[in-house]
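Here my numbering is used: the first residue of the sequence shown is 4, the next is one more, and so on.
Please note that the accuracy of each hint is not assured.
Stated by the list, open to error - What follows is a list of derived Cβ distance ranges for each label pair:
no. : residue 1 : residue 2 : range
1   : E111      : R68       : 32 to 40 angstroms
2   : E348      : P62       : 57 to 65 angstroms
3   : T185      : S339      : 40 to 48 angstroms
4   : R18       : E111      : 20 to 28 angstroms
5   : G231      : R68       : 48 to 56 angstroms
6   : Q112      : E37       : 18 to 26 angstroms
7   : V168      : E72       : 50 to 58 angstroms
8   : D22       : H382      : 49 to 57 angstroms
9   : E72       : A162      : 55 to 63 angstroms
These are calculated hints, taken from the structure and not from any lab test.
A virtual CB, placed ideally from N, CA and C, is assigned to each residue, including glycine.
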Amino acid sequence: MTPADLSRTVLHAVRRAVDEDALRAPVPARVRVERTRPGGSGDYACAVALQLAGPAALPALEVARILRERVVAEPGVGRVEITGPGFLSFTLDAPAESDRAVLAAVREQGLAYGHGDALRDQIHQFHHAREVRAAVTAQAVRRLLVAQGARVRTTCEQAPDPDWVRLGVTVDAYGTPPTPLTEIRPVPAGATAGELLERLGPDAARWGLLRAAGHNRAVLGPELLVQGEANPLFRVRYAHARARALTRGAAALGFTAEAAAYGESPTEPAAHGESLAPYGESPTATTADDAAARPLLDLIADHPGVLLAGARHRAPDRVARQLEAVAHAFFDFHDSCPPLPAGDEKPSAAHRARLAIAEAAGTVLAGGLSLLGIRAPEHL
Numbered sequence: 004m005t006p007a008d009l010s011r012t013v014l015h016a017v018r019r020a021v022d023e024d025a026l027r028a029p030v031p032a033r034v035r036v037e038r039t040r041p042g043g044s045g046d047y048a049c050a051v052a053l054q055l056a057g058p059a060a061l062p063a064l065e066v067a068r069i070l071r072e073r074v075v076a077e078p079g080v081g082r083v084e085i086t087g088p089g090f091l092s093f094t095l096d097a098p099a100e101s102d103r104a105v106l107a108a109v110r111e112q113g114l115a116y117g118h119g120d121a122l123r124d125q126i127h128q129f130h131h132a133r134e135v136r137a138a139v140t141a142q143a144v145r146r147l148l149v150a151q152g153a154r155v156r157t158t159c160e161q162a163p164d165p166d167w168v169r170l171g172v173t174v175d176a177y178g179t180p181p182t183p184l185t186e187i188r189p190v191p192a193g194a195t196a197g198e199l200l201e202r203l204g205p206d207a208a209r210w211g212l213l214r215a216a217g218h219n220r221a222v223l224g225p226e227l228l229v230q231g232e233a234n235p236l237f238r239v240r241y242a243h244a245r246a247r248a249l250t251r252g253a254a255a256l257g258f259t260a261e262a263a264a265y266g267e268s269p270t271e272p273a274a275h276g277e278s279l280a281p282y283g284e285s286p287t288a289t290t291a292d293d294a295a296a297r298p299l300l301d302l303i304a305d306h307p308g309v310l311l312a313g314a315r316h317r318a319p320d321r322v323a324r325q326l327e328a329v330a331h332a333f334f335d336f337h338d339s340c341p342p343l344p345a346g347d348e349k350p351s352a353a354h355r356a357r358l359a360i361a362e363a364a365g366t367v368l369a370g371g372l373s374l375l376g377i378r379a380p381e382h383l
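Can you build the whole structure from these sequences, using the hints too?
Laid out in structure tokens, this is it:
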């Protein structure tokens, strides 16, 4: 069960409780679940009972009890606890099953993984100054919101700078806009679009304009062009390129990724008639694999929530930081558990499972960069 699946499951429980007259409260448009904080109980937590207590005219603990009864038997949910004043804490069944579900979702949805319809009823009107950072930020926010189902219109105070087109920026109109509207006013870049394009090119310029939170000054120096791991943009794009190279390497060796191999019983033989790895190596993901993969799998599972939060808070910088974290975790996993066999080693279920994780990370990186308007090259 993915976090999005869990959110839908809890929302369905609320609807059932209302339909059965166990709760008399409006059904929210969505239910937010978050990873449990350190020291907390379970895998995920949800505050929906506190949200509904007032409208239902019931104590939050009673609302939590009503919802717990309707969630605890759902497939994929192992345990549901009520903590504090009425929080629901969820422990999911069979972590490997949940991980495989996430990997399958990434494979099925591709670059659209994390997109949804949580904001489908929303209409936004954004207005910004004739300034490059405001324009690029408004465009990125627009992409994030549209990916969540919202409808968005952007306007500019004056006629757009012609160089904005090379940065992927378009505006619907300029001049005095209709109201209500939301102004996008980050700290100005201190340079024009033409100057940034000449110094940095479109991808590095967009990353520099979007990576810092809007209230902070954007970093737009030559460090954005450094081809090394000290440059976060390079690291993100290199992680994507490396993931794609792993797929090509695996194809040359005659095997492909298989998410279903992750968490298999180590006593099962390799699938598709492949030979087991030599020297007694387990044909499946080992305990060491599990530990190395966990940070990366968690970040991949959290990606839809990050995209939704970036849209809700008009904060593309959150997406950029998420991509940096995914790239960092990808290299840690890659170095600890190589997805490709080495030397005389033969491809095994473990390699197929590792490759599935690496490919999912590459897809998340490409999808996130796309929402920021940045290319994700196959080769670097």
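Earlier hints that do not hold, by number: none
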